[in-house]
Each structure stands twice: as structure tokens, then as C-alpha cells.
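There are 2 protein chains.
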Amino acid sequence: MHPDLSYCEAAKIEKVSHIRYSLRCSSCSCAYSSSDLLNLCECGKPLLVEYDLAALSRSASDDEKFEDAVRWIDAARSDMWRYAAVLPVDASEAVTLGEGWTPLFHLRRLGFRLKAADLWLKDEGRNPTDSFKARGLSVAVTMARKLGAKKLAIPSAGNAASALAAYAAAAGLEAHIFMPDDVPQSNFIECKAYGAQVILINGLISDCGRIIAERKQREGWFELSTLKEPYRIEGKKTMGYELAEQLKWTLPDAILYPCGGGVGLIGMWKAFAELEALGVIGSKRPRMIAVQASGCEPMTVAFERGAEECEYFNDAYTVASGLRVPKPLGDFLILRAVRESEGAVVSVSDEEMMDSGALLAQDEGIFAAPEGGACVAALAKLLASGFLKFSDRIVIYNTGSGLKYLEAYSSRFPRTASREQDKLGGLITPR
Amino acid sequence: MHPDLSYCEAAKIEKVSHIRYSLRCSSCSCAYSSSDLLNLCECGKPLLVEYDLAALSRSASDDEKFEDAVRWIDAARSDMWRYAAVLPVDASEAVTLGEGWTPLFHLRRLGFRLKAADLWLKDEGRNPTDSFKARGLSVAVTMARKLGAKKLAIPSAGNAASALAAYAAAAGLEAHIFMPDDVPQSNFIECKAYGAQVILINGLISDCGRIIAERKQREGWFELSTLKEPYRIEGKKTMGYELAEQLKWTLPDAILYPCGGGVGLIGMWKAFAELEALGVIGSKRPRMIAVQASGCEPMTVAFERGAEECEYFNDAYTVASGLRVPKPLGDFLILRAVRESEGAVVSVSDEEMMDSGALLAQDEGIFAAPEGGACVAALAKLLASGFLKFSDRIVIYNTGSGLKYLEAYSSRFPRTASREQDKLGGLITPR
Numbered sequence: 001m002h003p004d005l006s007y008c009e010a011a012k013i014e015k016v017s018h019i020r021y022s023l024r025c026s027s028c029s030c031a032y033s034s035s036d037l038l039n040l041c042e043c044g045k046p047l048l049v050e051y052d053l054a055a056l057s058r059s060a061s062d063d064e065k066f067e068d069a070v071r072w073i074d075a076a077r078s079d080m081w082r083y084a085a086v087l088p089v090d091a092s093e094a095v096t097l098g099e100g101w102t103p104l105f106h107l108r109r110l111g112f113r114l115k116a117a118d119l120w121l122k123d124e125g126r127n128p129t130d131s132f133k134a135r136g137l138s139v140a141v142t143m144a145r146k147l148g149a150k151k152l153a154i155p156s157a158g159n160a161a162s163a164l165a166a167y168a169a170a171a172g173l174e175a176h177i178f179m180p181d182d183v184p185q186s187n188f189i190e191c192k193a194y195g196a197q198v199i200l201i202n203g204l205i206s207d208c209g210r211i212i213a214e215r216k217q218r219e220g221w222f223e224l225s226t227l228k229e230p231y232r233i234e235g236k237k238t239m240g241y242e243l244a245e246q247l248k249w250t251l252p253d254a255i256l257y258p259c260g261g262g263v264g265l266i267g268m269w270k271a272f273a274e275l276e277a278l279g280v281i282g283s284k285r286p287r288m289i290a291v292q293a294s295g296c297e298p299m300t301v302a303f304e305r306g307a308e309e310c311e312y313f314n315d316a317y318t319v320a321s322g323l324r325v326p327k328p329l330g331d332f333l334i335l336r337a338v339r340e341s342e343g344a345v346v347s348v349s350d351e352e353m354m355d356s357g358a359l360l361a362q363d364e365g366i367f368a369a370p371e372g373g374a375c376v377a378a379l380a381k382l383l384a385s386g387f388l389k390f391s392d393r394i395v396i397y398n399t400g401s402g403l404k405y406l407e408a409y410s411s412r413f414p415r416t417a418s419r420e421q422d423k424l425g426g427l428i429t430p431r
Numbered sequence: 432m433h434p435d436l437s438y439c440e441a442a443k444i445e446k447v448s449h450i451r452y453s454l455r456c457s458s459c460s461c462a463y464s465s466s467d468l469l470n471l472c473e474c475g476k477p478l479l480v481e482y483d484l485a486a487l488s489r490s491a492s493d494d495e496k497f498e499d500a501v502r503w504i505d506a507a508r509s510d511m512w513r514y515a516a517v518l519p520v521d522a523s524e525a526v527t528l529g530e531g532w533t534p535l536f537h538l539r540r541l542g543f544r545l546k547a548a549d550l551w552l553k554d555e556g557r558n559p560t561d562s563f564k565a566r567g568l569s570v571a572v573t574m575a576r577k578l579g580a581k582k583l584a585i586p587s588a589g590n591a592a593s594a595l596a597a598y599a600a601a602a603g604l605e606a607h608i609f610m611p612d613d614v615p616q617s618n619f620i621e622c623k624a625y626g627a628q629v630i631l632i633n634g635l636i637s638d639c640g641r642i643i644a645e646r647k648q649r650e651g652w653f654e655l656s657t658l659k660e661p662y663r664i665e666g667k668k669t670m671g672y673e674l675a676e677q678l679k680w681t682l683p684d685a686i687l688y689p690c691g692g693g694v695g696l697i698g699m700w701k702a703f704a705e706l707e708a709l710g711v712i713g714s715k716r717p718r719m720i721a722v723q724a725s726g727c728e729p730m731t732v733a734f735e736r737g738a739e740e741c742e743y744f745n746d747a748y749t750v751a752s753g754l755r756v757p758k759p760l761g762d763f764l765i766l767r768a769v770r771e772s773e774g775a776v777v778s779v780s781d782e783e784m785m786d787s788g789a790l791l792a793q794d795e796g797i798f799a800a801p802e803g804g805a806c807v808a809a810l811a812k813l814l815a816s817g818f819l820k821f822s823d824r825i826v827i828y829n830t831g832s833g834l835k836y837l838e839a840y841s842s843r844f845p846r847t848a849s850r851e852q853d854k855l856g857g858l859i860t861p862r
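Protein sequence lines correspond, in order, to chains A and B. Taking the working numbering, the leading residue of the first sequence gets 1, the next gets one more, and so forth. Taking the working numbering, the leading residue of the second sequence gets 432, the next gets one more, and so forth.
No lab work stands behind these hints, which were simulated from the structure alone. The reader is advised that the hints may include incorrect statements.
[To be verified] Ranges of calculated distance between the beta carbons of each label pair, as one might list FRET restraints:
hint: 1; chain 1: A; residue 1: 253; chain 2: B; residue 2: 771; range: 33 to 41 Å
hint: 2; chain 1: A; residue 1: 412; chain 2: B; residue 2: 782; range: 30 to 38 Å
hint: 3; chain 1: B; residue 1: 539; chain 2: A; residue 2: 151; range: 47 to 55 Å
hint: 4; chain 1: B; residue 1: 507; chain 2: A; residue 2: 412; range: 34 to 42 Å
Note that beta-carbon positions come from the ideal geometry of N, C-alpha and C, so glycine has one too.
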């Protein structure tokens, strides 16, 4: 049998024994066995993976070269599984579509326009299924399959659904997907094409979550909602590892991250803590800036009130489907990271995020999700207020491609209907 | 000033002086200066880039290790500019969005279904703008800018338009884009978002090309139509370099490639020839199989007739927009490569390509363009006929993501309209 040649493995790496890990509650610190298929702690809060990092770390007294501190990275891989040593499973067991290792762009033209001298964008639209959700679902589906799950379920505002459908297909598992009935067509079509069972709900992601919670036991579904299992965050944290590596093991002055469920932000914060424990970076952290839509801003409200958790946000609405999360389960973790880093939570309107998304595309050739546009709009506000400075090294995360949000952009760029065929859903009639 | 940190450049590479090249007609062998902004040869046929490969090649009598034969590859780059030494310009001058170095997947489940034991797919949907067109337009826009062009124009069935718009934006150049008025919404929105001037024509790509030819001189546009300038093919050829590298410098028994303009196929054929001249591979070649849509099959007809060129195909129609090319300019080059490799040209129906696209998504978690589905359908036919064997190593190219073709997939996966908002173009009304 020939070896798997999916990636050119030019360099031989030192095989590091896979490190041990355990599961611990993010709130009450209860410990759990990592070999069970688990959702939440008994106290209702999320479980997080804790690694025995001592096996990989460089001690301060060693004379080892810095290169040894990162020897556990499989640099021959052009995907996030280069960090398998700090993930719960070997790359050889991964359900992978080559996710991660996304490009980090220096935004010269947009930076000039906004008066930000050192502006960068990490483009998560370049993942399988065109969003960063691929990272988390790759790890979560890998672990679910390994721990014996056969049927997976998810409530999703859009992109997580597409990612679950893709990775479930790649893994040979069933996927049961609940989405609001106004999800972008991209997500609907992806999920159907990948062979998932798709149920559209007249409601929000929270309604979808409630329905799954009610039915899953009877149906035998394992639920993969944000932070209701511990492994999606492990995939998302690799965004932090990559940023540090691509910036040559430094961190920027500020990171702007679109905050729906906020698990990408929490994941990166975890990654930075692990990198420090590994002796790769020091204690300096970027200001973590969570960006929300003004039409759904529970975190902004909580931040401004000095609260530790947020309230359910009523009548949530925004074209940025990924930000339409009225009460994120990880709210207390997001607020903790934002405050510890002296960051902020900022809201922008749909109009502002779409304007900024258009500028980003015109200036840089990057067609971002509204969530990415939201970060650009937030950046402009924070530069205007002086919270961020012209000379700061700033990194924006674009969490998905604009191709997942054609409806949102279509209102900005109307197309004259020359025939009936330009309506989505109709076959093009031959001439 | 800090260096461009867009990619982690962990390895220092031996700096190879950029090799010389010239332009030569593919038909009459006339030579041209490479420092002029050129379209076609005076005889009307395409110009191709010829490199002075001796500077890079390994001679048969050397005792050099094989690694030296590929020392000119910048292995630290996770994009196609790792091959800059055999491209017309240094990576430092490139207008790049990190295109290329796409994943090569081993299709175990689909291979089992089709009885193909060694089946692989190279997923070009993973490029900027979600199609392989990014490769060619990256090089072409780079060269156009370098040689002084300010305004670029293209006729396109869809994905080339999106790619030109993106790279023109990244380069700070104007883009003038002519597309049939039934192009997928994805392409229309991308081009508008990237700031291009977009003109929709009631006609086919050939009509769009005619209009540009008529207006370009007056408007001062440089035209970037397929094979009407010599550099798009240089970007596309990197698909061949990558395949060889990812298969550890071997080539498969067969390659199935969706053939609209066919420049990807011609480009790969050129890459293989260059790799042989460089002493990296031998003379063995894969069977090159061009896949067409039965609704637009000028190449299939020409192949079956034993012709050296094809006739204009009347009433061309297919949901695979990239295959709707009634008379490819490079027809004689495609047929030459197919015949020299003992390959074939095969047509499949729209129904077959969409069925196969759905199977690919369900079995492997890869959501392909109809063009990719067409290759799967063609493979099934060639296995059934015995032209390809169960044990053959076969590589399929998926040239774009299914996300660029939501209309085509929407007819297969209809969505019940619960409200007016599911029609593309309308804003979602807040609840």
C-alpha cells in the first residue's frame, strides 16, 4: 500500500510523543475523563482541554536554541495539523480537508486609507467551506468519531452548519443540522450537497439549539454546539498559534475579532497562554477587541456595564449571520480575555460593516464576510477615538469569505433582471 | 521598516538568479521581446514563454543528489510562488493573494464507490476567489502591471472575471469586465465588490471577447483573454508542478481535467515538459483526458473526427459556466497534448455532472464546481469502458468551489420559500 501522499512531507520531523491532556470545567474546575463523549460540566459551564505541556516546553535554564522550543511543530504540513502536538489527536487520525494555515496579508492600501501603518488581515475565508468554522469542526468531528459518535447535530447561524456537514461527510457520519430559515443560500446548499439532514426553523440560533437539546437523547445525536463540547475550541485556537508563528513568534499590539459566539477569541487567548507555558512567547498580550453588530450586541452592553456575563439580546438582527448570537455561552470567558488584555468590545452597524467590506475588497482584493468588514469598521472607530494608534501593529481576522454572504452584498450591488433566470433557484433556460 | 511577514520563511533557500526567458509563437515559432506588453503573434496564434532552463537543470552526468535538482523551489512558501524560478518574475514583485499549493486529496470513499483504487483530487476551489483562475491572473496581472498597463479588460464565463477583479484590485489597476448576463451571482457580486467595471452582455463569452476586441484600442485597455497574452498559462502550469511535487516527483497514470478554454491542461503539459528538461522527471506522461459538457463539446467532436482544430459549437449551453466555450483558441494545443499522451476527450451531460458532484460532496466532503463533478462522471464512463483501469493512479482536477455555482445546485436542492426574503437580491426584513 502506498503512503498517503496528500502533502509533500519534505522534512523529517522529530516524532514527539503525543502529550497527555484532561478536561476541566472553565468555571468550577471539575475534572473529567477525556475518553468519554461529553458535552458540558454538570454545573452547566463549558469544559476546556488542559495539556501536560511540560513534555514539550523549554525550561528557562536550558541552553537549548529557540528552534528547539518549536521543534514539536510539523513544519512540513501546510495546514493547522502542524500543531497536532498540542491538539487532542495525531494528524494521522484527523478528519481533515487541509484546514488552517491561512494567509496573513499586509494591508498596505487599506492601512494608508485608515491611517494604520502596520495593519494585517488573517483571511479565514481561505478554509474548506470558506470559513474559520472548518478548524473547530475538523477537531470536533475527529474526536466525536474517535469516541464513538455516529450521529452529529448542530444549531447554526450558517457557517458552522456547512463545516459540520463537510466534516461529517468526510468522516462518514450522519449530520443533523438546524438553521434559521433565512440562512444564506450558500449554507443551505452546502449542507444539502454534503448529504446532511437539514431542518430550517423560523427562529434564531438559540431556538435551533433548544430544539436539538429537546430531541437529541431520543434521536441518539451527539450535539456539537459552540462550547457544548470541548474540541471545537481546540481547532479554533490554532488561529492564535498561526498568527504567532507567521509573525515570527511575536504578537501584535491589537487583534480585532468578530464576536458571535466568541470562541475564536477565547481559543486564541488559550493558545497564547499555552505558547507562554511552552516557553515560546512571553507574557505580553495583544489587546483583544471583540467586534459586534449593533443589531445584536449583548457583549458590548455587558462590557460597558462592567458585567461578568451578558443578558439575552432581544430582537437580534444583522446581515452578519455569524454575529447573530443573542447570548453566547462563553460570555464570561470573552469578557475575561478582553479585560485582562485591556481590550474592548465595540459595535458597528450593518451599513458600516458593508461599507468597510466593500473598501477592503476594492483596496486589497479580499472579499470578506460582513464579519470581516465589521472589524475594519471597528478599527476606524478605535483609531478615531485614539484607543488604537497609527503605529500599532494591528491584526484583523476575516472569519469567512464574502461568497458565503451573497444576499448581504446583493443589496449593495443590485443586478438588473434581464430574464427570469437571475432568480436563485431557477435553472438557466437554454437559448 | 519591517520585512513582509506574510509567510513564515523558516528555511533559508539558495537564491537562484532569475532565469532568462523569451516569447515564442506556439504555431509559427516567431520570437518576440519579453519586455513588451503583447497579446498574440502576428499570425494570430498564442505566444508561449520559453525559459532558459539550463541554468536550473541537473545534467545526467552530475553526481549531484536529487535534492539539488529541485533546489530552485522555495519550499518555505505555501503558495505557487514557490516555483518563482520558473515563472517570469520574482515572488517579491508578484501581485499575490497566496494562490496555489492547493490540497491533493486521496478519495478513498468515492474511489471505492467507483472501483478506482488510487483516485486523487486536486482541489482548485481552495484558491483566492475559489477557482484555479487565480493562478493565471496572478501572473498575468503581475506582468501587465510590470510592463506598464493601467487598464485591464477580460471576457469571461465567470471565474476568470472574479479573479481579474481581485488581482486588479490588489494591484491598484482598473478592471473592465464583460460577462454573459446569466453568469452566476457569485461572479457578478465579486466583480462589483472588487471595484471592477462590470458589463453584462446578452450572449456568450465569444460575444464578450468580440466587444472587447472592438473597443480596447480606443479605451486603452490591455486584454487578458485566455491565451491572448502569454502569462495566464504560466500561472496555470503551476498546477502541474504542484501535482508532481505532491506525488513526490512522479506523475499519475491519468489526469482528468475540465476543458473549457483548456489552458490548465495545456499549462500542465508545458510544466511536465519543463520538469523533464530540468532533469526532475523522465519522459513518462499521464494520459491527458479533457472533459467537456455535452451541451458545449467542440473538442470532443474534433477529437473524434481526428481533426487538429475544432469548429465553433453552435447553441452552446451548460450549467458549468467554465465549460461554455464554443471555440477555444488553444484547441490545437489541447488536441496535441491529448493525442501525444494517448488520452481522450470525453463529454458528460449536465445531469451526470451534477449527480457526480453531489456524490463527491457526500462521500468526501468536497463541494465541487459542476466542472469537478464532470470529471467524476467522465471517470465513471472511462472505467466502465475499460479505457482506465481499477489500479490506475488517477488524478481529477476540481477547478472551482461549488460555492461559485449556487444556481446550478439550487435546482437540485430546492428550498421552500417561507418568505419573500429567500429570493436573491432582497434584504432580509428584520423580525
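Results for each hint:
Hint check: residue 253(A) to residue 771(B), Cβ distance near 57 Å, so the stated range 33 to 41 Å is violated. For the pair residue 412(A) and residue 782(B), the supplied restraint of 30 to 38 Å holds, since their beta-carbon distance comes to about 35 Å. A hinted range of 47 to 55 Å is violated for the C-beta pair residue 539(B) and residue 151(A), which are about 21 Å apart. About 39 Å separates the C-beta atoms of residue 507(B) and residue 412(A), a value consistent with the hinted range of 34 to 42 Å.
When held up to the earlier numbered hints, the structure conflicts with 1 and 3 and fits the remainder.
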